[in-house]
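Kindly produce the complete structure, drawing on both the sequences and the hints.
Protein chains: 2
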Amino acid sequence: MERNIARLRARLDGLGVTLRPHLKTSKSVDAARRVMNTPAGPATVSTLLEAEQFVAAGVRDIIYAVGIAPSKLPQVLALRAQGADIAVVLDTVEQAEAVALASRQAGSRIPALIEIDCDGHRSGVRPDDKQRLLDIGRALASGAELRGVLTHAGGSYSARGAEALRKCAEDERRSVVDAAAILREAGLACPVLSVGSTPTAHSATDLTGVTEVRAGVFVFFDLVMAGVGVCQVDDIALSVLATVIGHQREKGWILVDAGWMALSQDRGTRKQDVDQGYGVVCDITGQPCADLVVADANQEHGIITVRPGSGGVLPDLAIGDRVRILPNHACATGAQHRSYHVVRGTSDQVEAEWPRFGGWQ
Amino acid sequence: MERNIARLRARLDGLGVTLRPHLKTSKSVDAARRVMNTPAGPATVSTLLEAEQFVAAGVRDIIYAVGIAPSKLPQVLALRAQGADIAVVLDTVEQAEAVALASRQAGSRIPALIEIDCDGHRSGVRPDDKQRLLDIGRALASGAELRGVLTHAGGSYSARGAEALRKCAEDERRSVVDAAAILREAGLACPVLSVGSTPTAHSATDLTGVTEVRAGVFVFFDLVMAGVGVCQVDDIALSVLATVIGHQREKGWILVDAGWMALSQDRGTRKQDVDQGYGVVCDITGQPCADLVVADANQEHGIITVRPGSGGVLPDLAIGDRVRILPNHACATGAQHRSYHVVRGTSDQVEAEWPRFGGWQ
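Quick mapping for you: the protein sequence lines, in order, are chains A and B. First residue of the first sequence: 1, per UniProt numbering; consecutive thereafter. First residue of the second sequence: 1, per UniProt numbering; consecutive thereafter.
Be a bit skeptical, because a hint or two may be false.
No distinction is drawn between identical chains; accordingly, a pair holds when it is met within one copy or between any pair of copies.
Below 20 angstroms or equal to it, Euclidean Cα-Cα: the simulated EDC-like pairs (lysine to aspartate or glutamate) are [unchecked claim]:
(1) 167 / 206
(2) 251 / 128
(3) 271 / 296
(4) 251 / 291
(5) 251 / 117
(6) 130 / 145
(7) 167 / 178
(8) 130 / 250
(9) 251 / 119
(10) 167 / 128
(11) 251 / 129
(12) 167 / 212
(13) 167 / 117
(14) 130 / 185
(15) 130 / 94
Note that these hints are calculated values from the structure, not bench results.
This is how it looks when you write it as structure tokens:
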């Protein structure tokens, strides 16, 4: 984890942009303090529950990076009243009018970033939709604060190869630069140009015009990121410790007490070049066992097999033996647990237990 | 929920067997008290964390129905020392020897059920594997207690049609009856014959020889169970309340603030006749919107569309409108949340908040 953080920080320092880490991956104050530039941030969150938890821990500069629902504005205002600079994200005139109205009523200008759709992946205004950008910007100006523009290259998760990833990063950069130019030409201030995803953060070679990069999963990495090519399996800093509880020898199955409740149901490697099932099986030191994966998972049972077609050999694991399972998606697997047990290198010694919060709201 | 509980209870009363509900679905003391026959049980759990929580709430008769790892026996003994009858499940001689040894060392006979594999789905001893059954039974006899035999027709989740489901239920019944006969013929007592899954519990017509039925998801039901045919969509007693946060109108998308963190990543209907995506969208009263599903989900974003190929029409939902989303798999969706907000019928009034525990160990 420390190596992963240092790697991205060095990269972004070289590109002259600020890291605004997405704390949704760890949902842990202890992990957040290691990944943020300062104990006060900047940071990104995906729920107001996260914002509340991190503000309580002293974080003061947060973007809540999921489109704002008007019903959540009182929570945003309450957090701002505690002295935290919470910015919201939106992509419609209706939201901008609601944010401006709430700002006027509270006598507090809520900062908002206009979400830009750089790749058709999800939400956001197309960067060439001048009318909608200006309508939103002007609606915000009537009470709220136009803080800037923000995008997320969600499509980069399915990009393959360094060239495709660089193109995603450039599309991401260009989308906010273009949108900001439209706003500025109309006389609207647009100080923040925020981009980010772990694949593009690790692939961008030029971030001219961008002020900050958001990324989350880089802190732990996972098998999906290894499949995308922005880390090695050995960089993955999160695993689930499981115990062998049975065999079905004639089928080549080893059963462990970690099913999808422990691993999550994320199957993000299914469409990648190497399907890692529900996770790659490692020995207790974290060394991957050749071609051994969790091929299927029930709620509390995982079925370990040799990866289909690999020609690998099932190891002789006995009842009670322990294994570590690397996750497809660190955000999803972490969310199944209440704390992290921190180990260093190949040691089995738990140095610390870091609580994490979860749930959804 | 009350109707679902009454329905299964009446059914099993008619068949002359005891309901031992699986509490892994709700992981809630409040829900458990409504589903158990008495406040002391009987009950089934899938982790020792659940056992600890339910023992603390007064449950005294529990089967921990995942194959026991020897390292967990001290926890089992600690719970038994509190006066709770915790039985374990196993399917190997190694586990039986470990349970017998731990029992002798503690001076407390740990009860164990031999897991039977009725359909090749997961774990368990084949019901005709006389040698392994007797080896396990005799290993247990040297210190522990052979409580009985137990099976779970996991294959019933992919059965289609009433006839196929009845056959799953009969295979389940026959497997424990046959295994118990082998043990009894060898002079080993086998008082408990435990079967169960929600599809078979709702399909069995004859449970001669069986003493108890375990089922879990029947309490809430879900879209997978509706697809299997053991409930109607209207019986589903669990939903996720979400808010509209955006549109991509040219794509026919409505965005809500419920992604897989709120809904889970369960896609259990994918291989059923009707693929429900990440869930069926209902209005605030719980009435399903025709052919409206969560077609895709990111961590905190759900994308609602008309079900592909249905010819349905996208409703005019505005920013801030709220919807309820019915889950594919109640166990998985519940696990993403820290409590249940209890409403009655079509009311939006929250009558109570029931905490649930989660995490995995």
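Here's how the hints hold up against the structure:
1. Proximity of residue 167 and residue 206 under a CA criterion of 20 angstroms is satisfied intra-copy only: 11 angstroms inside one chain copy versus 64 angstroms between copies.
2. Within a single copy, residue 251 and residue 128 get their C-alpha atoms only as close as 56 angstroms, which misses the 20 angstroms cut-off; across copies the closest is 17 angstroms, which meets it.
3. In the homo-oligomer, the alpha carbons of residue 271 and residue 296 lie at most 20 angstroms apart both inside one protomer (16 angstroms) and across protomers (15 angstroms), since each shortest distance falls under that limit.
4. Taking identical chains as interchangeable, the C-alpha atoms of residue 251 and residue 291 lie at most 20 angstroms apart only when both belong to the same chain, with a minimum of 16 angstroms there against 40 angstroms between chains.
5. Only between protomers do residue 251 and residue 117 lie at most 20 angstroms apart by alpha-carbon distance; the minimum there is 13 angstroms, versus 48 angstroms within a single protomer.
6. For the identical chains of this complex, residue 130 and residue 145 are intra-copy neighbours only, at 19 angstroms inside a copy versus 76 angstroms across copies, given an alpha-carbon limit of 20 angstroms.
7. For the identical chains of this complex, residue 167 and residue 178 are intra-copy neighbours only, at 16 angstroms inside a copy versus 63 angstroms across copies, given an alpha-carbon limit of 20 angstroms.
8. With identical chains, the CA atoms of residue 130 and residue 250 are at most 20 angstroms apart between copies only, with a shortest distance of 17 angstroms across copies and 64 angstroms within one.
9. Taking the shortest Cα distances, residue 251 and residue 119 sit within 20 angstroms of each other only across copies (13 angstroms), while inside one copy they are farther apart (44 angstroms).
10. In this homomeric assembly, residue 167 and residue 128 come within 20 angstroms of each other (Cα to Cα) only inside a single copy, at 18 angstroms, whereas the closest approach across copies is 60 angstroms.
11. In this assembly of identical chains, the alpha carbons of residue 251 and residue 129 lie at most 20 angstroms apart only when taken from different copies (16 angstroms versus 57 angstroms within one copy).
12. For the identical chains of this complex, residue 167 and residue 212 are intra-copy neighbours only, at 18 angstroms inside a copy versus 61 angstroms across copies, given an alpha-carbon limit of 20 angstroms.
13. When the C-alpha separation of residue 167 and residue 117 is checked against a cutoff of 20 angstroms, the pair qualifies only within one copy, where the shortest distance is 15 angstroms, while the shortest distance between copies is 52 angstroms.
14. In this assembly of identical chains, residue 130 and residue 185 lie within 20 angstroms of each other by CA distance solely inside one copy; the values are 11 angstroms within and 83 angstroms between copies.
15. Taking the shortest Cα distances, residue 130 and residue 94 sit within 20 angstroms of each other inside one copy (17 angstroms), while across copies they are farther apart (70 angstroms).
Every hint, counting from the list given before, is met by this structure.
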